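K.L.:
Sequence:
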Amino acid sequence: MKHEPSRSGEVYPHIYGKLNTDAVVRERDLQIGPRWCTFCDGVIILDYTPQEIAVIRRAIAPPPPKPPEEVIEAMRPSVGAPVPEHMPPFWKLSDLEMPLFMRLTADPVVKVLSRYAFFPEVYGPLQSGQELPFLEFSGRARGMVAILRYQDRSIVIKPWQNSREDQISSIAGEMEVGPRQLESLPGYLTEEFVPGMFFTDLPEKALTDDFLNTVGSNVGTIIRRLHQRDIYYNDVTFSDPRGRSHLIVERDGSCKLIDFGISILLDRHPAFNREEVHNFVRTLPMYRIFRGMAEEESQMEQFLEDYSNKLGISSKQEIMSRDLAFAREGLNMAARRMGDRIIEPVKEAFVHAYMG
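With our numbering, letter number 90 in the sequence shown gets 103, and the count goes up by one each step, no holes.
Rather than coming from a laboratory, the hints here were simulated on the basis of the structure.
Being a predicted model, the structure only gives us computed values, none of them experimental.
Treat the hints with care, as some may be off.
Unchecked claim - Derived pair list, reagent style DSS-like, types lysine-lysine, alpha-carbon separation capped at 27 Å: (1) K329 with K360; (2) K105 with K124; (3) K124 with K79; (4) K105 with K79; (5) K360 with K218.
Stated by the list, open to error - Okay, the calculated beta carbon distance ranges per label pair: (6) S328 with P112: 51 to 61 Å; (7) A284 with D165: 42 to 52 Å; (8) A284 with E189: 22 to 32 Å.
A virtual CB, placed ideally from N, CA and C, is assigned to each residue, including glycine.
Please put together the full structure from these sequences, using the hints given.
P.N.:
Structural data, given as structure tokens:
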């Protein structure tokens, strides 16, 4: 990207990404009273007062429902034209805050980053003059996972999958068994990007007995420490039938889990709310079978009510023991892709580490 000098002779060539325009930024443009402004090809971007930022954040967080059909139609630039990809998250502003909504429509930064421009970990660096991150989406976890890559770090932003996921993820991050949690908006997690690769993607040349011992020991330690904090992970560690995994492994064998969306915090045991019961049964084969057979929603409600009673009379140890079954089953599934020789080194080290 070519950068022409400004009148003051000072050029800040740090605005890049998909703006499709030359960026010329003068020092006097960076701070104007309570606003932060950057001129990009004559257009002021991110020119919002603190009050407007608060309004925008209330509109996008927690994640709003899908916009009504009439709103979708109103967002089209012309009849039959596609809705601008960056605007649906802001649809709630289109009624009471139309001038602000229209400014967002034309903002080049919002065109690149959409809602993510207004998250604290993104907006703050932009205010201080850092470059635009590159935005991409990933299937590393359930739901829409946005990865924002800066030159020196990457962060992940994703919506909560359950009402206590932020609390569980915060505990896991503090223990360094999950991603470190960062400042976010209601209904979303903002967390560090965990480098490494999925267990099932490890290259064959890396699968020495020593390396597999290290991985098994680290995963066993992770699960033990989660259980000590009353967290039932309730999800795949090594592999599911399709080879997916929530276990990220680095070259030295260090590991972290990256998705706590259906995990359950057992601090209120034996009491469970309906969401927790639903998350528990979602990983049961019988649930998938029953859901396919149930003809009415009332039958599913009764199923959940019955299972709530079963959970209430189960000990914490009985509930959390399913994590060990998940690990055993997942390791066997991973072996179908990676070879049976991985099983014993991982299993032996896992059990030893879990038992402490």
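K.L.:
All hints are to be evaluated individually against the structure, with a verdict given for each.
P.N.:
So, going through the hints one by one against the coordinates:
For the hint linking K329 to K360, the alpha-carbon distance of about 23 Å falls within 27 Å, and the restraint holds. Distance restraint check for K105 and K124: the Cα-Cα separation of roughly 17 Å lies within the 27 Å cut-off, and the hinted pair is therefore satisfied. Restraint check for K124 and K79: satisfied, since their Cα atoms lie roughly 19 Å apart, inside the 27 Å limit. Note on K105 and K79: the hinted pairing holds, with a Cα-Cα distance of about 10 Å set against a maximum of 27 Å.
Proximity of K360 to K218 is assessed by CA-CA distance (about 19 Å); at most 27 Å being required, the pair is judged to hold. Between S328 and P112 the beta carbons are some 58 Å apart, a value that agrees with the proposed interval 51 to 61 Å. At roughly 45 Å, the beta-carbon separation of A284 and D165 lies within the given 42 to 52 Å, and the hint holds. Here the CB-CB span from A284 to E189 is close to 30 Å, well matched to the stated 22 to 32 Å.
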